[in-house]
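> What follows is each chain in one-letter form.
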Amino acid sequence: MRWIWIDKFTAFESGRYAAAIKNVTLAEDHLHDHFPAYPVMPACLMIEGMAQTAGILVGEARDFKEKVILAKVKRASFLREVRPGEQLRYEATIEQVSPEAASTAGKIYVDGELLGNVDIVFSHIDNNLSGLTFPKENFVFTEDFKSLLHTYNVSAGRA
Amino acid sequence: MAISRDEVFERVKEVLIDALGVDDDEVLEGATLMGDLGAESIDFLDIVFRLEKTFSIKIPRGELSPPDDLQNNPEYVESGKLTEKGLQRLKDAMPHARDEDMKKFEEDPDIAKMPDLFSVGMIVNYVTKKAAA
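Protein chains in written order, with the working numbering: chain A, 1 to 159; chain B, 160 to 292.
Hints are computed from structural coordinates only; laboratory data are not their basis.
Beta carbons: idealized from backbone N, C-alpha and C, even for Gly.
There could be a bad hint or two in this list.
Unchecked claim - Pair by pair, the computed Cβ-Cβ distance ranges are: (1) B:267 with A:137: 37 to 47 angstroms; (2) A:36 with B:200: 33 to 43 angstroms; (3) A:44 with B:254: 37 to 47 angstroms.
Unchecked claim - Heads up, simulated DSBU-like pairs for lysine-lysine below, C-alpha to C-alpha not over 30 angstroms straight-line: (4) B:272 with A:74; (5) A:107 with B:172; (6) A:72 with A:107; (7) A:65 with B:217.
What the hints assert, rightly or not - So these bits of chain A aren't anywhere near chain B, every CB distance computed over 12 angstroms: (8) 3; (9) 7; (10) 8; (11) 9; (12) 12; (13) 19; (14) 25; (15) 26; (16) 28; (17) 33; (18) 34; (19) 39; (20) 83; (21) 139.
All chains should be modelled from the sequences, with the hints used to inform the complete structure.
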């Protein structure tokens with residue numbers, strides 16, 4: 001199973017800004033359990049959606065050479081519930097980027113109205129080893145994953 | 160224009176309140192980031208970014224924190240403690256550590272106690288010098 005929580009990118013400015021949309025639909029199993037008879041898009045999955053939007057933006061900024069891992073959710077706020085049939089729009093901006101990490105600011109909109117904010121710090125884990133070793137291959141941006149990006153019109157490694 | 164140490168302290172305090180979710184009366188000069196304020200290693204990435212933004216400075220890796228070559232070098236570490244040479248390397252690399260913290264660490268230079276050098280005052284010392292440069 002692929003853990004993809006965005007449907008497509010609608011804007012992508014390398015190293016600066018990305019926007020992605022996600023349609024919330026009752027075809028998704030999880031909504032039937034969250035909650036029975038009252039389906040609501042889980043906030044944690046909206047954080048994941050923002051992490052994917054911002055994480056791909058951060059990864060692309062360094063040609064997908066770094067292993068970009070969510071290190072910290074600095075802030076996550078949501079103003080209301082999101083129901084099936086609504087469309088989420090994740091907008092992520094890179095605030096700072098260094099060899100070790102990146103910081104992004106994110107806004108989420110529902111059908112054009114501001115829903116909330118999700119600000120994230122990502123670690124480029126190979127540069128934060130602290131004595132640990134990670135596999136050499138990039139297990140974050142795998143070949144499968146990069147090819148998937150083509151469907152979003154984001155070039156993998158700026159091919 | 161250089162900013163005063165007091166002003167740096169106030170702004171560092173704000174950074175730590177936001178980054179660590181601590182109360183302002185917890186952010187004291189001698190409070191240690193990990194021990195007293197509950198910072199985890201991942202918080203340091205966040206704190207460094209926030210300091211860079213707040214003070215318009217660049218903090219190169221290994222400048223604020225102990226150098227990477229310290230802990231895994233047998234010349235610097237013996238049985239979990241810093242050698243004379245290691246201690247010197249640490250002092251050279253971290254002139255911004257508070258004198259009282261460094262003196263205390265020297266009494267028992269156990270590398271597990273190195274995080275105790277990361278105090279609020281140490282950050283204030285570092286930023287004050289950096290912002291004046």
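> Taking the hints in turn, state whether each one holds.
So, going through the hints one by one against the coordinates:
1. For the pair residue 267 of chain B and residue 137 of chain A, the supplied restraint of 37 to 47 angstroms holds, since their beta-carbon distance comes to about 42 angstroms.
2. The beta-carbon spacing between residue 36 of chain A and residue 200 of chain B, approximately 40 angstroms, falls within the hinted interval of 33 to 43 angstroms.
3. The supplied range of 37 to 47 angstroms is met by residue 44 of chain A and residue 254 of chain B, whose beta-carbon atoms lie about 44 angstroms from each other.
4. As the CA atoms of residue 272 of chain B and residue 74 of chain A are separated by approximately 28 angstroms, the hinted pair is consistent with the 30 angstroms bound.
5. Simply put, residue 107 of chain A and residue 172 of chain B have alpha-carbon atoms about 27 angstroms apart, close enough for the 30 angstroms limit, and the pair holds.
6. Note on residue 72 of chain A and residue 107 of chain A: the hinted pairing holds, with a Cα-Cα distance of about 16 angstroms set against a maximum of 30 angstroms.
7. A distance of roughly 23 angstroms separates the Cα atoms of residue 65 of chain A and residue 217 of chain B; the hinted pair therefore holds under the 30 angstroms criterion.
8. No Cβ of chain B comes within 12 angstroms of the Cβ of residue 3 of chain A; the nearest lies about 21 angstroms off, and the non-interface call holds.
9. The claim that residue 7 of chain A lies off the interface holds: its Cβ sits roughly 30 angstroms from the closest Cβ of chain B, which is beyond the 12 angstroms cut-off.
10. Its beta-carbon lying about 29 angstroms from the closest one in chain B, residue 8 of chain A satisfies the requirement of being farther than 12 angstroms from that chain.
11. The non-interface label for residue 9 of chain A is consistent with chain B: the shortest C-beta to C-beta separation is roughly 25 angstroms, beyond 12 angstroms.
12. Even its closest Cβ contact with chain B, about 23 angstroms, leaves residue 12 of chain A beyond 12 angstroms, as expected for a residue assigned away from the interface.
13. With a minimum CB-CB distance of about 23 angstroms to chain B, residue 19 of chain A clears the 12 angstroms threshold, and the non-interface call stands.
14. With a least CB separation of 34 angstroms from chain B, residue 25 of chain A remains clear of the 12 angstroms interface cut-off, as annotated.
15. For residue 26 of chain A, the condition that its CB be more than 12 angstroms from all CB atoms of chain B holds, with the nearest at approximately 36 angstroms.
16. Residue-level check passed: residue 28 of chain A sits 31 angstroms from the nearest beta carbon of chain B, beyond 12 angstroms.
17. Interface exclusion of residue 33 of chain A from chain B stands, the closest Cβ pair being 31 angstroms apart, more than 12 angstroms.
18. Distance to chain B confirms residue 34 of chain A as a non-interface residue, since its nearest Cβ pair spans about 27 angstroms, more than 12 angstroms.
19. Residue placement check: residue 39 of chain A keeps its beta carbon more than 12 angstroms from all beta carbons of chain B (closest about 32 angstroms).
20. Annotated as non-interface, residue 83 of chain A keeps its C-beta farther than 12 angstroms from every C-beta of chain B; the closest such distance is 31 angstroms.
21. For residue 139 of chain A, the shortest C-beta to C-beta distance to chain B comes to about 19 angstroms, beyond the 12 angstroms cut-off, and the non-interface label holds.
The earlier numbered hints are all upheld by this structure, with none contradicted.
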